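**Q** Chain residues, written in single-letter form:
There are 2 protein chains.
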Amino acid sequence: MAQESADIADVSVADQFVKTLVLLFRAEDSYGAWEGKPDEALLAPFVLDREARAAIPIIGDPDPDTLWRLELFYKAVGLMVEKQTGLMASPMMKMSHEGFGRMILTTGRLVVVSKSLRDVHRFGFPTIGKLAADGAKLVEDAVALIRDYPDVANL
Amino acid sequence: MAQESADIADVSVADQFVKTLVLLFRAEDSYGAWEGKPDEALLAPFVLDREARAAIPIIGDPDPDTLWRLELFYKAVGLMVEKQTGLMASPMMKMSHEGFGRMILTTGRLVVVSKSLRDVHRFGFPTIGKLAADGAKLVEDAVALIRDYPDVANL
Numbered sequence: 055m056a057q058e059s060a061d062i063a064d065v066s067v068a069d070q071f072v073k074t075l076v077l078l079f080r081a082e083d084s085y086g087a088w089e090g091k092p093d094e095a096l097l098a099p100f101v102l103d104r105e106a107r108a109a110i111p112i113i114g115d116p117d118p119d120t121l122w123r124l125e126l127f128y129k130a131v132g133l134m135v136e137k138q139t140g141l142m143a144s145p146m147m148k149m150s151h152e153g154f155g156r157m158i159l160t161t162g163r164l165v166v167v168s169k170s171l172r173d174v175h176r177f178g179f180p181t182i183g184k185l186a187a188d189g190a191k192l193v194e195d196a197v198a199l200i201r202d203y204p205d206v207a208n209l
Numbered sequence: 055m056a057q058e059s060a061d062i063a064d065v066s067v068a069d070q071f072v073k074t075l076v077l078l079f080r081a082e083d084s085y086g087a088w089e090g091k092p093d094e095a096l097l098a099p100f101v102l103d104r105e106a107r108a109a110i111p112i113i114g115d116p117d118p119d120t121l122w123r124l125e126l127f128y129k130a131v132g133l134m135v136e137k138q139t140g141l142m143a144s145p146m147m148k149m150s151h152e153g154f155g156r157m158i159l160t161t162g163r164l165v166v167v168s169k170s171l172r173d174v175h176r177f178g179f180p181t182i183g184k185l186a187a188d189g190a191k192l193v194e195d196a197v198a199l200i201r202d203y204p205d206v207a208n209l
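In order, the protein sequence lines correspond to chains U and Y.
If you want my numbering, it's the position in the first sequence, counting the first as 1, plus 54.
If you want my numbering, it's the position in the second sequence, counting the first as 1, plus 54.
Read the hints as simulated data drawn from the structure, not as lab findings.
Heads up, simulated BS3-like pairs for lysine-lysine below, C-alpha to C-alpha not over 25 Å straight-line:
(1) 169(Y) with 148(U)
(2) 169(U) with 148(Y)
(3) 137(U) with 169(U)
(4) 148(U) with 129(Y)
Calculated from the model, a selection of chain Y residues having no Cβ within reach of chain U, i.e. all distances over 12 Å:
(5) 99
(6) 106
(7) 111
(8) 113
(9) 152
(10) 180
Cβ-Cβ distance ranges computed for the label pairs, FRET-style:
(11) 154(U) with 202(Y): 28 to 38 Å
(12) 113(Y) with 84(U): 25 to 35 Å
(13) 138(U) with 202(Y): 21 to 31 Å
(14) 183(U) with 77(Y): 45 to 55 Å
(15) 169(U) with 122(Y): 25 to 35 Å
(16) 195(U) with 119(Y): 36 to 46 Å
(17) 106(Y) with 94(U): 54 to 64 Å
(18) 92(Y) with 137(U): 55 to 65 Å
(19) 96(U) with 78(Y): 44 to 54 Å
(20) 92(U) with 82(Y): 50 to 60 Å
Keep in mind that this is a model prediction, so the values were computed, not measured.
Note that CB positions come from ideal geometry on N, CA and C, so glycine has one too.
Please take these sequences and the hints and turn them into a complete structure.
**A** Here's what the structure looks like:
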């Protein structure tokens with residue numbers, strides 16, 4: 055029973071994560087270009103199967119649209135963390151020119167998300183379900199860390 | 055007596071900070087261009103008095119040499135923190151194009167230094183003594199934070 059409700063909570067975080075991502079996406083649609091489009095169409099560029107990934111060369115700088123989607127993904131994580139804890143999580147990215155880098159989110163003096171980035175050129179997920187699950191996992195780990203170290207998160 | 059030894063400790067951190075900064079400076083001197091130069095000559099570009107500051111326009115991107123000195127300064131802070139605690143402090147900088155930004159150093163999941171940057175075009179100190187004192191203060195605050203939250207610093 056406890057296991058079941060834990061699963062339901064996870065699903066709800068994953069759902070909310072995708073909704074937040076779509077919201078951020080639409081917030082940047084100043085000219086209404088995506089107004090008639092369904093959410094699935096907006097999220098489509100986040101989905102890369104194995105063949106699509108392999109087809110993207112990892113030389114040169116990552117595509118600006120890819121970087122923008124990467125930032126949007128972590129912004130959504132930050133917003134969800136804020137929604138659940140009331141504390142802001144601000145992203146900071148360090149990017150080399152070869153698609154390697156680091157993304158962190160900080161809340162007060164606590165690093166709530168710390169991810170090494172590799173092959174950013176190929177940033178994407180096999181399915182929207184996987185995107186949602188990965189986003190939800192980052193949110194839940196960040197929230198757990200804030201609950202473990204509230205003093206540091208409030209510094 | 056206790057006060058006196060505390061003062062001596064501060065002076066020693068400040069001295070070591072300047073030495074570390076010079077060391078980092080010389081480490082990047084691949085062609086030996088600064089070999090004959092005394093430390094004071096190397097550190098001279100870090101010193102900006104009120105008139106020199108005012109003479110630097112704060113439009114456009116900050117000078118790359120200024121950014122390089124800024125990064126070197128915080129690298130020196132990180133190295134000193136590592137020397138005193140045995141834990142690495144990695145810098146991350148976020149820079150806008152107008153000389154505003156943020157510099158943080160992280161140790162494990164702890165943000166040991168967090169500085170808003172303004173007017174980066176004019177990064178500098180009125181004297182080397184002030185540079186040393188500011189550097190030492192950042193180091194001491196970072197080390198104190200690590201001692202307060204060793205669990206987070208070791209995460």
